[in-house]
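**Student:** My request is simple: use the sequences and hints to build the entire structure.
Number of protein chains: 2
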Amino acid sequence: MKSVGMNRRSLISTVAMLPTLSRILLPIPVRAQTATTGDLLPSWNEGPTKQAIIEFVRATTTQGGPNYVPQAERIAEFDEDGTLWVEHPLYTQVVFCLDRVGVLANEKPELKDREPFKTVLSGDREAIAKLSMRDIFEIVLATQSGMTVEQFRADVKKWLATAKHPRWNRPYTELVYQPMLEVLSYLRANGYRTFIATGGSSGFVREYSEPVYGIPPEHVAGTSQAFKYGYDKDQRPILTRESKLVLDNLDAGKIENFWLMYAQRPQAAFGNSSSDDQQMLEYVKAGTGTRLSALVVHDDATREYAYGPAQGLPDTKVGTLSQAMYDTAKKQGWTIISMKNDWKHVFAFE
Amino acid sequence: MKSVGMNRRSLISTVAMLPTLSRILLPIPVRAQTATTGDLLPSWNEGPTKQAIIEFVRATTTQGGPNYVPQAERIAEFDEDGTLWVEHPLYTQVVFCLDRVGVLANEKPELKDREPFKTVLSGDREAIAKLSMRDIFEIVLATQSGMTVEQFRADVKKWLATAKHPRWNRPYTELVYQPMLEVLSYLRANGYRTFIATGGSSGFVREYSEPVYGIPPEHVAGTSQAFKYGYDKDQRPILTRESKLVLDNLDAGKIENFWLMYAQRPQAAFGNSSSDDQQMLEYVKAGTGTRLSALVVHDDATREYAYGPAQGLPDTKVGTLSQAMYDTAKKQGWTIISMKNDWKHVFAFE
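First to last, the protein sequences are chains A and B. Start counting the first sequence at 1; every next residue gets the next number (the numbering used here). Start counting the second sequence at 1001; every next residue gets the next number (the numbering used here).
No lab work stands behind these hints, which were simulated from the structure alone. Not one of these hints is a red herring.
Subject to a maximum C-alpha distance of 25 angstroms in a straight line, what follows is the list of computed BS3-like cross-link-like pairs (lysine-lysine):
| id | chain 1 | residue 1 | chain 2 | residue 2 |
| --- | --- | --- | --- | --- |
| 1 | B | Lys1233 | A | Lys285 |
| 2 | A | Lys244 | B | Lys1228 |
| 3 | A | Lys330 | A | Lys340 |
**Tutor:** Next comes the structure, spelled out in structure tokens:
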């Protein structure tokens, strides 16, 4: 979740998609990888971007070299929405939450007359499209609280197994960028530990981060709500999700809370949006030695989407890239990843 | 940090110890380990406690067995103070903070007239001994904030390299329990990921967790304060420690925040105190399959300390074990670790 507004038509198409078709399993995108002796980034076109990634790894892992980084400090941080998987027309997790508002309102009828729930339930798509990011946060907190952690886990897994993206008619977990999966594996093969830092709720992402990205739940740092210890009717201890916001990853929160959780400045970071990736990418690039801050630019309307004022394209709000951030990237020497030019394939299923 | 009061004489002896003698490095306790084919717990006496640990590992790692746990779910959680290292006469981190109050008061003279700082600065040891755990939290937040994360890191490392425990006249980082280091290594050798869950501030513990315990900073879940993103005078991005409490690990907070950070119920947990380990140990033991909840009992006044009402010993407040918690441990089948009877050695230097 990254911006303070939503594109109206995007939201309409997403809402139109609900309820979703059923599908059983949580799929893992697969594309055969070249052996470790070969090219570990086969979905990347040759060129300066691919070379920059390879050169970063070479510089930081060459023992005795001037920019060698001990294995204990090899940390790489990835935004999720728009960096590892598709974020248009709407952040996947927001679709999940909107889908749950109806259920929630049946359990708590008082919500039917309360904003922003009233608007979502009204079906008034123009009004829904005007909800702010704070409204969205309220919906996320309300729809992801009140149940045990086990029940929430089951709910997320069930939703992921049935929901499909309106454009590709595929489960969301198949809409991950194959070139980025290769970067994750390539970094790990070189002793890096890989983390997700997301504006979305970590509870949601942790339910699929390991099978989809190879990233264990403890390496996912997201916006977080509180948990409450208690006992069920049989006096068995339980943990319940609370609606209280504890860690807010918007704006600079993503890098502030990354330190709170892990106390390390990553050696590399990948992001795409002005609203919560800028400080993370700045901070990483400002570290000593060789650092890699990389910006994924959505400029491929044919294979994925093209959006963002930085390219003179419409500002669709969801995952937007401002001209100012793009200028900062150029000035500070971030690596610019063009989906259109740098990626041979976008998805494993292509 | 675990209790709501402090032992007067303990605090006096600690305060008397300051300022500490200088010492250069952060030492790593070492004791040669038997090869992996031999006994991985050589500092443990033979008996039911050692057998319980070995049996737990066997049951959860035997493929095809009824209680096999996939490697992704092999998580073990350890309290630090009193479980991995000495917590008497006072929690090490509190000694560090008390040591900093004088420096802080020079920077912020207004604190000299404000409680609880006024009491600490007064040198009135009876009054200092009456400070509550909330007073201690206030001192921790005040003395661990206002500086960049790099400055704090340097301060902690410097202190650890110079401070010594009053009884052994050794750096605190040498006062780790050798049998517990062996358990950490043994679990990791069997595919477990090991974590610290502490009532203390994670920022402090993370500065030595890797060299001392083999636990990387991202696997330390402690009481946490906020961080603030900003820029220094040269417009370089910095992260500053704030005095705002974000995660409070006292009472049930330790297991609630463990879920917030990692979203997993550990398969094994080790603790010792009534004030913040009980819920963690209960929750772990209540999971499905074979679980290990283990309680370290301080009953060895000769080699370490003996304290706690559960043994009919004085309640020293610091890391206390109540009779009620001891009864719960027995009733729920936790593994009771007697320092006196189960440990062949307590420290590596013995």
